[in-house]
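Undergrad: The listed protein sequences correspond, in order, to chains P and W.
According to our numbering, the first sequence is numbered sequentially starting from 1.
According to our numbering, the second sequence is numbered sequentially starting from 278.
I should point out that these hints are in silico values taken from the structure, not numbers from a laboratory.
Please note: incorrect hints may appear among the correct ones.
[As the list claims (entries may be wrong)] Heads up, simulated DSS-like pairs for lysine-lysine below, C-alpha to C-alpha not over 25 Å straight-line:
| # | chain 1 | residue 1 | chain 2 | residue 2 |
| --- | --- | --- | --- | --- |
| 1 | W | Lys-410 | W | Lys-487 |
| 2 | W | Lys-673 | W | Lys-652 |
| 3 | W | Lys-410 | W | Lys-438 |
| 4 | W | Lys-438 | W | Lys-487 |
| 5 | P | Lys-165 | W | Lys-558 |
| 6 | P | Lys-165 | W | Lys-555 |
[Stated by the list, open to error] According to the in silico footprint, chain W covers these stretches of chain P (three or more CB under 8 Å from chain W):
| # | segment |
| --- | --- |
| 7 | 162-168 |
| 8 | 175-181 |
| 9 | 243-249 |
Don't be surprised by glycine CBs; every beta carbon is placed ideally from N, CA and C.
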Amino acid sequence: MTPRIDSVLPLLTTLLPVLYALSAAAYARIYVREESTGARLGPVILRIAVLVHVAYLVSRGFLEGHFPLASVYDFLSATGLSMALVYLYVEAKEGTPNTGVFVVPIIFLIQVVSTAYGLIPPGPKVPIRPFWFELHTMSAVMSYSAFSVSAVYGILFLALYREIKSNRFSLFYRRMPSLETLAQMNIRAAGGGLVLLTCAIGLGLGWLHSTGQGTFGDPKIWLTVGVWCIFAFALLAYHRLGWRGPLAIYASLVGFTTLLLSRVLVDLFLHSFHEFR
Amino acid sequence: MSATGHPVSTELDFVCVGLNHETSPIEVRDALVMNEEEVERTLRQLRERAAAAEALVLSTCNRTEIYARGVTHPDPAGLIASLLEEIKGVHLSGRGARLYTFHEPDSMRHLFRVASGLNSQVLGEPQILGQVKDAMDLAGRHGGSGPVTARLLEAALHCAKRTRSETGIGRGPVSAPFAAVNVAAKVLGHVADKRALLIGAGEMSGLAAKHLMDAGLVTFAIANRSRERGEALGKCLSARVVSLEAIPVVLPGADIVVSATSAPGVLVTEDMVRTAMKLRKNRPLLIFDLAVPRDVDPAAARLPNVFLHDLDALGAIVAQSLEQRRAEVPRAEAIVEEEVSRFLRWYRSLELKPTITAFRGHFERIAREELERHKGRFRPEDQPALEAFTHGIIQKLLHHPTTRLSRAGENGTDALSRIDAVRDLFDLGEEKDADRNPR
Numbered sequence: 001m002t003p004r005i006d007s008v009l010p011l012l013t014t015l016l017p018v019l020y021a022l023s024a025a026a027y028a029r030i031y032v033r034e035e036s037t038g039a040r041l042g043p044v045i046l047r048i049a050v051l052v053h054v055a056y057l058v059s060r061g062f063l064e065g066h067f068p069l070a071s072v073y074d075f076l077s078a079t080g081l082s083m084a085l086v087y088l089y090v091e092a093k094e095g096t097p098n099t100g101v102f103v104v105p106i107i108f109l110i111q112v113v114s115t116a117y118g119l120i121p122p123g124p125k126v127p128i129r130p131f132w133f134e135l136h137t138m139s140a141v142m143s144y145s146a147f148s149v150s151a152v153y154g155i156l157f158l159a160l161y162r163e164i165k166s167n168r169f170s171l172f173y174r175r176m177p178s179l180e181t182l183a184q185m186n187i188r189a190a191g192g193g194l195v196l197l198t199c200a201i202g203l204g205l206g207w208l209h210s211t212g213q214g215t216f217g218d219p220k221i222w223l224t225v226g227v228w229c230i231f232a233f234a235l236l237a238y239h240r241l242g243w244r245g246p247l248a249i250y251a252s253l254v255g256f257t258t259l260l261l262s263r264v265l266v267d268l269f270l271h272s273f274h275e276f277r
Numbered sequence: 278m279s280a281t282g283h284p285v286s287t288e289l290d291f292v293c294v295g296l297n298h299e300t301s302p303i304e305v306r307d308a309l310v311m312n313e314e315e316v317e318r319t320l321r322q323l324r325e326r327a328a329a330a331e332a333l334v335l336s337t338c339n340r341t342e343i344y345a346r347g348v349t350h351p352d353p354a355g356l357i358a359s360l361l362e363e364i365k366g367v368h369l370s371g372r373g374a375r376l377y378t379f380h381e382p383d384s385m386r387h388l389f390r391v392a393s394g395l396n397s398q399v400l401g402e403p404q405i406l407g408q409v410k411d412a413m414d415l416a417g418r419h420g421g422s423g424p425v426t427a428r429l430l431e432a433a434l435h436c437a438k439r440t441r442s443e444t445g446i447g448r449g450p451v452s453a454p455f456a457a458v459n460v461a462a463k464v465l466g467h468v469a470d471k472r473a474l475l476i477g478a479g480e481m482s483g484l485a486a487k488h489l490m491d492a493g494l495v496t497f498a499i500a501n502r503s504r505e506r507g508e509a510l511g512k513c514l515s516a517r518v519v520s521l522e523a524i525p526v527v528l529p530g531a532d533i534v535v536s537a538t539s540a541p542g543v544l545v546t547e548d549m550v551r552t553a554m555k556l557r558k559n560r561p562l563l564i565f566d567l568a569v570p571r572d573v574d575p576a577a578a579r580l581p582n583v584f585l586h587d588l589d590a591l592g593a594i595v596a597q598s599l600e601q602r603r604a605e606v607p608r609a610e611a612i613v614e615e616e617v618s619r620f621l622r623w624y625r626s627l628e629l630k631p632t633i634t635a636f637r638g639h640f641e642r643i644a645r646e647e648l649e650r651h652k653g654r655f656r657p658e659d660q661p662a663l664e665a666f667t668h669g670i671i672q673k674l675l676h677h678p679t680t681r682l683s684r685a686g687e688n689g690t691d692a693l694s695r696i697d698a699v700r701d702l703f704d705l706g707e708e709k710d711a712d713r714n715p716r
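Just chain P, with the same shape it has in the complex (with noise of 0.2 Å):
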């Protein structure tokens, strides 16, 4: 099993940024062309580069041992498919393929960037870990993916909210969903988000727990609870308070900033335990 799994592993590793990359050019004609023919043809490349992801974590997996999910690749990697998931699952929620060209460029981006650290030699084996330690850094990856979604869906919303008012009526006027439907993508992904963030975070508690390996005060737990509250107002303030339109989209926009900056302010600045290599 194993000699084969090593074999095939290099092809699904050149393959996959060639399926996304299909799959972005595919989404790219959806949005250049109005007509119907060939609007299924993005989502089923989309699909099929997401079974084959699948098929190559979880190759990867049979052959280390583990969840692979250990450097700056795999989350790389992670992250694309998880975004890709996502974004699968708004797009059907939603019946619209048209945004699908802001989303999966990125991800394909992502992927190129996972290969390429990929072709480099793996580091030292990685100890083995718990399972649910697992589902911790997956549901983390996972939730960092639905936010960077919602705030795609954000950014998307602002646009066409200004191009309206304006009175603009342009391609992307005609392409884009309806300001509701966009604001409904951002807050699902951004719900989904929250959701999964508040797993990984309890999860990665519940490690530390029983562990004692790193501490409470670690730097970036207290910055991801910080993201997780600013999410947590922004739900709660379209679902309670009423709020609606650009206000709303600043609070999640807002989250995901905070979410970025504190990536950047751990890694160069502060001392974490949570650190891929």
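Once you have looked at the hints, place chain W on chain P.
TA: Just chain W now, kept in the frame of chain P:
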């Protein structure tokens, strides 16, 4: 002579005679719109006076066209013009009306283009599809339709659906009220559960209300200077009617506002909108100012979540849509050509002579194949006798059906059904390049 210049036998021709917005003024078109009784009379007259085997009347505000098959009259255009004058009591000469005549295949192509909205005043408008269906129903009810018209209309409707789904010929709004509904849907998603306030009860408000109702919206309020006029429109919409002074009261409850009055000054001020937005907790408010001079203070557009659009803005959307539709015409025309060719292949397969030839050929081919298959079981010297024997059986079996089929040509409409049935039963296919032969 057909429009393509080919000589056409009137006995066989599928002819179209009519007028539309391109050839006749609105007064003439209005005067020629037919009700069901008049359609029935026209179809009857065509049968009685011109021996039309099948006929169809398409009468809308933009066109009156008569399609007929098998008209024996030497001048179908003249006959139909006099029929129209008789039935509608209108003199066509000297009123700027010009009748056009198309013979097949141009008559068929014309119907396909009409159904697809390519011949409409507003390019790609969808109402014509329903009107063609109505014409089909009327022809069916009053003995006008037959196998060819039924199949022709079916093909025309299929063609129209293709042009709509495969091209952008019907995409985008083409009137200011329609554009307003389009923008509202772009902001709010679904408008069905929203509430609309119409300021003014004139034609423009009525048109906007119609488009909003088409989009599923059911809750209307009307603010109008004249209570009576407001009530008249309010009755159609089951709407609450208020005076113009009550606008600040009803404004917070509306998600979509359409203002189209002839008032000389502003009716909806920025302050009114600001107050309304506070009361509606900043939920999006769409305001369409279709009035000249404008009814709504343009400063209201600066408020967050207020989308204010005037006629200029909506006009830009309409112009854009029309431009896009025009760009789709070549693709739509290509589909029409495809569908016309497909229909003509079927139509020409109904030729009598090729059908009989194909029918006999079908049996003879089977006989040849069977003889070939069992060749080894007989002595070579027996082959001629065997072939004669098989041929004799086929001749006897096919004599009666062939005779009946040959005589089918004398029975008009029945003949086509019979020929079609034979081709279908024996899977004789469609003769792509069959010469035209008397049916």
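Undergrad: The structure should be examined with respect to each hint, and the outcome stated for every one.
TA: Hints and how they fare:
no., hint, verdict
1, W:Lys-410 / W:Lys-487, "holds (22 Å)"
2, W:Lys-673 / W:Lys-652, "holds (23 Å)"
3, W:Lys-410 / W:Lys-438, "holds (12 Å)"
4, W:Lys-438 / W:Lys-487, "holds (24 Å)"
5, P:Lys-165 / W:Lys-558, "holds (19 Å)"
6, P:Lys-165 / W:Lys-555, "holds (19 Å)"
7, 162-168, "holds (count 3)"
8, 175-181, "holds (count 6)"
9, 243-249, "holds (count 5)"
Figure legend: structure checked against the earlier numbered hints; every hint is met.
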